[in-house]
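J.: Residue numbers (this note's numbering), protein chains in the order written: chain A, 1 to 122; chain B, 1 to 189.
These aren't lab readings, by the way, just hints derived from the structure by calculation. Glycine included, C-beta positions come from ideal geometry on N, C-alpha and C. Hints may be right or wrong, so weigh each one.
What the hints assert, rightly or not - So the derived list for chain A, only partly shown, Cβ under 8 Å to chain B, looks like this:
hint : residue
1    : 22
2    : 26
3    : 73
4    : 74
5    : 77
6    : 97
Claimed, not checked - Residues from chain B that keep clear of chain A, each with C-beta distances beyond 10 Å, as calculated:
hint : residue
7    : 15
8    : 16
9    : 23
10   : 49
11   : 53
12   : 54
13   : 59
14   : 86
15   : 90
16   : 97
17   : 101
18   : 107
19   : 110
20   : 134
21   : 160
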Amino acid sequence: MLRRLSKVVEVLGALAVLIFLVMLFANGPTAPPPAPAAAIEAAGGIDGSAVYKAKCAGCHGGDGSGGIGPKLADRVVVRFPDPAAQVAVVTEGKRGMPAFGGRLTEEEIAAVVEYTRTLLGT
Amino acid sequence: MNDQTNGATISNQKAVFAGAALAGAFVAVMLGVYGKVHDPASETTIKLFFTSTLHFKAWATTLVFVLAIGQLIGALWMYGKLPVRPAPSWVGPAHRISGILALVVSLPVAYHCLWSLGFNPDPGGGRRFAHSLFGCVFYGAFATKILAVRSKRMPSWALPIMGGLVFALLVVVWFTSSFWFFRTIGWEV
C-alpha cells in the first residue's frame, strides 16, 4: 500500500518539477497596479533614509540591492513610473509586501518613497 | 579473472557516479545561470494564508528542513545506525514519500528565489551570495541523489554520501534564509 502510494507521489513530484521548469520560462512579470489618485506630497522634513533603514532595509537591503524582498535600487522608478503607484504598494501592500498604512504616517511613506526613488537610484 | 571482473565493476560504478554527479552539476549551474541571466521580476508569488510570500517561504523552507531531519533519521535507521531494532519495511517508502514531499514544498520557494529575486552575488555581504550559491548546489546534489537512488550500478557509498551532502546543503540554505528571516523579522506567520 505504502509502496503504491510512493509511486503515485513520485509521479506527482515529477509533475511538480515539470510545472516549476515551465513556470520559470513561461511566466512574465505582471503590470504594476493602477495608481491611486493621491500623489506624493512634500516629505515635510521627515528623513526618508531613517524610515527606510527602520522599516525597509531588513527585506530590501540597506543599499536597496534586495534580499528577501526585491531589489529597489536602479529599478524602482522603472517598475513604478508613477510614484503614486509605489505609494499605494507601500501603504496597502501587494501580495508579499506587508501593508505599512497602519504603521507609517502618510508623510513617512512619502518620504521613504522619495528616498527610494532618488538616493537609492532609479 | 575475478579480480579483473571486480576491478571493472568498481570502475564502471565510479563512472556511473561521475555521470550522475555531472548531471547534478549541470542542474546546479543551469539554475545559477537562469538566476543570473533572467531579469528578476521583483514580484511576489503565492503566500497562501501567510502574511506575505516571504513569510510563506520562511515557513515552507522550515517544513522542508523538518522533513529533511526525518529523512536523516530514516536513512540512519535503514542503514542500521540507530540503536534500535532494524528498520521495518515501511521506512523505505515513507523515506521516499517524505523526500519527494520536501522537494515539492521547496519548489515554490525556489521559484520565487529564481524568478523574482535572481542569483545575488552580493559582493558587500555574504548571506545572499551563500544562499544563492548553495541553493543552486542543493538542487544539483538532490538531482545526483535521485539518480543514485534510481541506478543499481552506483557504488554503495554514493547514496549515503549524497544524502548527507543534500542534508548539509539544506542546513546552509535554511540558515541563510529562514533562520535569518526569523531573527530579522520575527516568528511571524
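J.: Just checking, residue 54(B) versus chain A, shortest CB gap more than 10 Å?
T.: violated (5 Å)
J.: Looking at residue 59(B) again, its CB stays over 10 Å from all of chain A?
T.: holds (13 Å)
J.: Are all C-beta atoms of chain A more than 10 Å from that of residue 90(B)?
T.: At roughly 5 Å from the nearest Cβ of chain A, residue 90(B) sits no farther out than 10 Å, so the non-interface label is violated.
J.: Is the interface hint satisfied for residue 22(A)? The criterion is a beta-carbon contact with chain B at less than 8 Å.
T.: Since the shortest Cβ distance to chain B is 11 Å, the answer is violated.
J.: Checking the smallest CB distance to chain A, is residue 86(B) really beyond 10 Å?
T.: holds (17 Å)
J.: May I ask you to check that residue 107(B) keeps its beta-carbon over 10 Å from the closest beta-carbon of chain A?
T.: violated (5 Å)
J.: Closest CB-CB distance from residue 23(B) to chain A, is it above 10 Å?
T.: Since the minimum Cβ distance to chain A is about 14 Å, residue 23(B) lies beyond 10 Å and the statement holds.
J.: Determine whether the non-interface label on residue 110(B) survives the test: each CB of chain A must be over 10 Å from its CB.
T.: violated (7 Å)
J.: Against chain B, with CB atoms and a cut of 8 Å, does the hint on residue 74(A) hold up?
T.: Given a least distance of 11 Å, the restraint on residue 74(A) is violated.
J.: Taking the shortest Cβ-to-Cβ distance between residue 97(B) and chain A, state whether it exceeds 10 Å.
T.: At roughly 5 Å from the nearest Cβ of chain A, residue 97(B) sits no farther out than 10 Å, so the non-interface label is violated.
J.: The output says residue 101(B) does not contact chain A. Does that hold with a beta carbon cutoff of 10 Å?
T.: The claim is violated: residue 101(B) sits with its nearest Cβ about 7 Å from chain A, within 10 Å.
J.: Taking the minimum C-beta separation from residue 16(B) to chain A, is that value above 10 Å?
T.: holds (21 Å)
Going through the hint list in order, the structure does not satisfy hints 1, 2, 3, 4, 5, 11, 12, 15, 16, 17, 18, 19.
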